[in-house]
Structures are given as structure tokens and as C-alpha cells.
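> Chains as they are written, first to last, in the numbering used here: chain A, 9 to 445; chain B, 9 to 445.
Since the hints were made in silico from the structure, they are not lab data.
Careful, some of the hints might be misleading.
As the list makes no split between identical chains, a pair holds if one copy fits it or if it spans any two.
[Said to hold, decoys possible] Cross-link-like lysine to aspartate or glutamate pairs, in silico, EDC-like; alpha carbons within 16 Å at most:
| id | residue 1 | residue 2 |
| --- | --- | --- |
| 1 | K362 | E427 |
| 2 | K111 | D42 |
| 3 | K184 | E116 |
| 4 | K57 | E46 |
| 5 | K36 | E355 |
Number of protein chains: 2
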Amino acid sequence: MNIVLLSGGSGKRLWPLSNDIRSKQFIKIFKAEDGSYESMVQRVYHQIKKADANATVTIATGKTQVSAIHNQLGEEVGISVEPCRRDTFPAIALATAYLTDIKGINPEESVVVCPVDPYVEDDYFDALKELAAQADKGEANLVLMGIEPTYPSEKYGYIIPESSGKTARVSTFKEKPTAAAAEEYIRQGALWNGGVFAYKLKYVLDKAHELIDFTDYQDLYAKYDTLTRISFDYAVVEKEDKIQVMRFAGQWKDLGTWNTLTEAMVENAVGDVMMNETCKNVHVVNELDVPILAMGLHDVVISASPEGILVSDKEQSSYIKPFVDKIDQQIMFAEKSWGSFRVLDVEDESLTIKVTLNAGHSMNYHSHKYRDEVWVVTSGEGRTVVDGMEQEVRVGDVVTIQAGCRHTIMAETELKLIEVQLGREISVHDKQKFPLE
Amino acid sequence: MNIVLLSGGSGKRLWPLSNDIRSKQFIKIFKAEDGSYESMVQRVYHQIKKADANATVTIATGKTQVSAIHNQLGEEVGISVEPCRRDTFPAIALATAYLTDIKGINPEESVVVCPVDPYVEDDYFDALKELAAQADKGEANLVLMGIEPTYPSEKYGYIIPESSGKTARVSTFKEKPTAAAAEEYIRQGALWNGGVFAYKLKYVLDKAHELIDFTDYQDLYAKYDTLTRISFDYAVVEKEDKIQVMRFAGQWKDLGTWNTLTEAMVENAVGDVMMNETCKNVHVVNELDVPILAMGLHDVVISASPEGILVSDKEQSSYIKPFVDKIDQQIMFAEKSWGSFRVLDVEDESLTIKVTLNAGHSMNYHSHKYRDEVWVVTSGEGRTVVDGMEQEVRVGDVVTIQAGCRHTIMAETELKLIEVQLGREISVHDKQKFPLE
């Protein structure tokens, strides 16, 4: 099975765990089989591999997520990187070209496209296989998954099928309706449109060539920023006559708010948390190193990360966005392909961060124009290159780096260091990268 | 007026703002006249100085609080330091000897002794002056303040006066009663015993010499650890016949729990806090550098510090202690006489802290047996001494200190540095102090 997972943009609705660079799908909140915690993207990836060990998984996403994906899924996973955001039609066209031109998959094969973030069980992946098998048959150009509605939601689009069978031709689509209209649609047998569909690669390649002047993947990638923003629904789905829908009645939850996310948590507390016996329906996610004590609360979600602390009534938590938009602070932690960093202290003219490099990884070779840096290695072993000079480093070693000086560090074991940045204009934008000499 | 403020031990009832080394009286939570925040000890000190600019204020306390007191009140304030804890009679005897022998106050003068932590208004200090004036008269050896009860509290002892006048002879004392007994006492005209009283210095000096074999302050200090633990109430108050009580009907609140403390807060939020309009009776105290967002909460207190995060229903917050007792983590921040420190990162074999030295102050000259340290100066200017070698330091300077090496830093301006401690056995107890050569 070929699967393209659409990994969407940054979201603030799960602040302080999601931020401008960490989307909700990277929050480690779900209990894995081995007892550790995994993120949505890790959970879905492991579910796919369980359903089909040979599945080719490609993640279609923006540049900012590449590091986090490699960090969480390893280096083998395929990533179709959008050089900039251009809505779903260009993204799916690019991922399709990536599968044929880069991965060398036969254009007659089918692929399933689905969002990375719904919370689903194993039966969902069986349904994806059926979707791909149905697309293989060629009865239709597009086969959508239609999710059996559990309530008259105003958040989803609806698919009205022509008949009530497992697989049916699509009669029509309905935009996000009012609750009353949704009830009426459901009476007519409507299904939720979860944005999950299968097609033969050739079909979307042809559509792409109709709408965009390009030769192959490399060419499409190169001119990506010139493409018109257009959704796959608008460009393809709504215009297609040969289109079917397959019913899916299993669990399918959109975990877009703290209220829905906590419903999917197996345990009420993640991290260092104490709760007294008078707490009812309280969920706490603590990513800090210090304890949270919760007492006498009802229907509350608490979440703490290096970005901040949320304490909210669960219902109210859906109104978080305008408040989070007001927060103007620098990114306090991030996962990178080489490891992670966390801001420890912010002063006007200094910034102290903790850097963790994974074994075998290194930073880019780079310099800063306006700041000096001091590294103190606190664990592990590795090698630094400073202005071309290579040197071994280990615990306790101090490396001072003047502004303008090129530097990198390569971790032999997992390596941690404290970096003190010093200067009047400390900014993430002050960075020039160089090839290693 | 001579005042002795009894500054009691560490309390965990206001965790995470109070901890093993920061007592509740040092939490900066009250709005001062200039808009800044002040602690209980700062508030009461400023109130005393406003009521009587020439008041001699002495704080009777244990060793662990000396740094915080100097940091919050400056170097001029008198401190009678108990070398170890020996209950209130030895503490008051020591403070009394301190006033006569160190401060040179005439033993015929009177002094008012009161706890540092009740929340009071200016009329309280007028009442203290009246108490001292009454003691000056010599009608009684001890003059107690009797606080008009506002409810039949089970938390306080009661004083039964012989008559209902402003000043009366004490008939008898009652221990903390049940609510029913308290109601009965109040019907009989009983007053709360807030532990506030005045006496002529000579009176307590004589009592001390009766019970303890000592010559003067220095001698009493030297043998302090051999003294029997005994309360002032038991040793003196309950045995005294010539004892009066003066009524006080002003505000007098014991802010011992989060519930009572928040009642005294003028604003609902201290620190970086956002609250939406659906929050009712919510108080937030945030000592961290990142925001707290509270939504849809009722009757809740939230408090965050480098030690941890409390989110509690206000009523429930009085049951905090057993939970906090379970927390076994190192001290994450502290005020010292020379400034303050805060732990930024804890690893098995390293510890990173931020040190702030006040201008003109320095650390002790000291060494560590089992750890190396690296200092990176991030702001200010000063001088280091490392194994006798003195050197000027400024922003960006790095000082590496091997285990065994003696070191200190003196701040010329306010000076901040990041200290990385490295070693297998990092402990606050690994410290040897030396005189500066």
C-alpha cells in the first residue's frame, strides 16, 4: 500500500504544547505499547506499519516540519517537502510526482491520501486498504472514505451517496452545514468527508499536467512558489463524475482542541503530576521538570511546557486561539533533525540554551554576525570544528566562539551542551551556513 | 519604639512559592505604594517605619533566613539569629539580650514582640505603640494584645479579660478550643491571643537569668544549642500574675493558606497572566518567565515558581501539605544576602544555575571537592579570585574552576553569570569556605 500522510501547518489550539514550529501531531501524549509516549504522527506511522509492514509511507509537509519528522520517525520515512504553502492541490500533485519520479512507483498503482491527525484504531487502516483496492479496480477515478456520522457536526463537510451500500457513487457534496441542516443530511444517509481518498497515481499526474505547466517532480518543485493556491476538493474532487465513496463506521476522531484531545488520553496525567482524590475529569500534561499538583478541580485541563501554562475548563479550552495569538515570545523549545534545544534563560543581551545532539548527528557548519557563543559540554563525546580546526570534546570542555567564527559540533555519543549566546542583537535569523571544509 | 518581629520557620502550605528555605513571609505578593510587589516582611517593615520612623526593628529568626532578610530589607535591619531552633522562650530571651547588650538599649525601656506574618493595616501599629506605652507605665509586667474575634475560630488561643474596658487584667487563658467552646468564650468577652505583647527588657532578662545560667548575649548565644525547648507562653505568660490585655479591633489576618492569602491580594494576577472573562474568583501568582493562561475557572488558585505548579480549588488548598511533603527535589531557587540563584537545568552529572550578584556583593571564598565549575559572565562587571589570583571579569568572560580550587566573585555592578557544575557527586553540601587571602 502507498500512503501519503498530509501533515498540516502549525496550530495554536493545543498551546502550550503546540507552537509556531511544533504542530499538534508531534506532541507525545499517547501511550505506546512499550509504555513510552508517542505523538500522533508516531502513532499513525506505527499503526500503518502494523497493518502493512511493506507500506510505502510518504509525508507531505512544509519545510518547518522536516526536522521533527526525521527526529520522531527516523531517516527512512519518505517526505515530500513543499518549499512553501500552496494549499492541498499543489501539495498532493507534488507528493504524487514524488512517488512516481523519486520513489519510482508505477503510475498505474494507487495511493491513499489522508490527514496525519485523526485519532483512529486499527480498523481504519483495513479500510484504507479496501479504499486502495477499490481504486485499483478502476470503476472510479477517485474513491473517498465516507465516515458514518456520530452526531450532526457543523465542523465537517458531508458526502451524499447515491445508495446505502458499502460502496456507492457520490451523488453530491455539502459544505460545513448548520446543525439543523446536518441532521437533515444524516437522515438522507450523508457521511462525513474526512479528506481521505484513493486514486491511481496517473490520474492525479494527468490532472496536474492539465492545470500546471511542468515536466517532472524536480521541475514542479522548482516552480512551486509560482503555483496558484487551490484546494484538492475544489480543483479535482468536486469536478469529478467517476467518483465513489466507501463507508467507514469505525472510530475516527479529530483531536483539534484540548477537550477532544483529552478524550483520547488513556491516562489522566502525563509527566510529573500529583492529583488529589477530589479531582474529577481532570487531565494534566506536564512537559516541565518540576511537579504539578492539582486539587479539587472538575472538568479541567492543565498543560505546561517551556512555552507556558494552560489551566482551562475543558469546554472553554476551544476558545484558546485569540489569547495565544497575543503571546509574543520566542520559541522556547524545538525538535531538530539532529536533536533538540530548549531555552533556559532569556536576558536582554544573553540567551542560555540547552542543546541535545543525537549520536552520529551534527549541527550545520555556521557562523553568527552579531553574537559570541560559549559552549560547555555537559555529557557525551564528539568533535568540534571551529574555523576549520577540528578538535575532540568531552564533558567539561569549554568552546568559545567569537562572532563571525564558523563552527559546528558532531556528536559521537548523545551529547549535551549548555550554549550561552552573548550580544546586543541575538536573533535566530543571525545565522550563515557554510559547507564543511 | 523597639519592636522584635518573630520570623518563623519554613512552611510548605504556600508551595510552590514557599519551600524548605523560603518561608511565606518572603513571597512578594502584596502591592506596595510604588506599584512594585513586596513580601509580608517588607510590608510590615515599611508599615512600622511609617508609624514610627525611629523604631528599632529587630528580627528574631533562624540562620536560614538571614540572607533573605538582608536581601529584602537591606543591611541595616537588626537580626537576632538563633543558632538553632529552641522554641519561643529562648528566642525571645536571646533577642532581649541582643537589644540590651548589642544594641545598647536601656533595660528599663519596653519592647513589643509580634509575629512577622499577620496581615494588618496601619491601625495595628498605633495599637503596638499603645501596648509599649502601657508597658512603660509599669502597671503590669506583661501587656498582651487581645484581638476582637470576628468568628469562633478553632485556630487561636483565647484570653479572658477581667473586665470589658480597653485595658484589663487577664483573668485566664484558654487553649485552642472547639468552635462551640469558642462561641462560649466569645460570649464571656474573650479575645484572640495573637502572640503580640510588650514588656520592659529588664523583666525578660530577669526571667531568663532565673531559668538559664548565662552572663550576657554572647554567652547565651554560645550555649544556645544546650537550652531546653520551651515556649514563652508556658515559661512566662501563663505564670505571670501582673499581666494585662489591651483590646484591638482592627484588621488582623493570618495568611497561612492559599485560601486566606488570596483574600489579601489586591489584584487577581501577579506576574505574566492572562485570564478570560469566564474566570470567577480566580487568583494567579506566576513567578516564571512564561505566561499562564486561565480560562473558565471558578474559585481556583494557580501558582507557579521554579519549584513547581499548584492548581487548586481554594477550599482544597488547605490540604496541600501531605502532597508537598512527598516532593523530593532539590531547591530550585533562593535569595541570598549577596543576591539570588535559580536552577536552570538538572542532569545526572551536571547542574546549570543562573547566579545574580547584587552590586558590591560577593560570594564566600570557597572550593568544592567533587565538582568542576564553569562560569560565563552574562552581564555586569566584577572581579574573580581563583586560587589567590585576582582578575577583572566582564560580559563574555569564561572562568573554569577545577575541583579543589578556591574561588569567589565580587560584583562591581549587578553581575549575572551562568554556572555549569560538572561532576559525579553534585551536592550543596560539597563546599568548604575559606578566608580571602
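> So which of the earlier hints does this model not fit?
2, 3, 5
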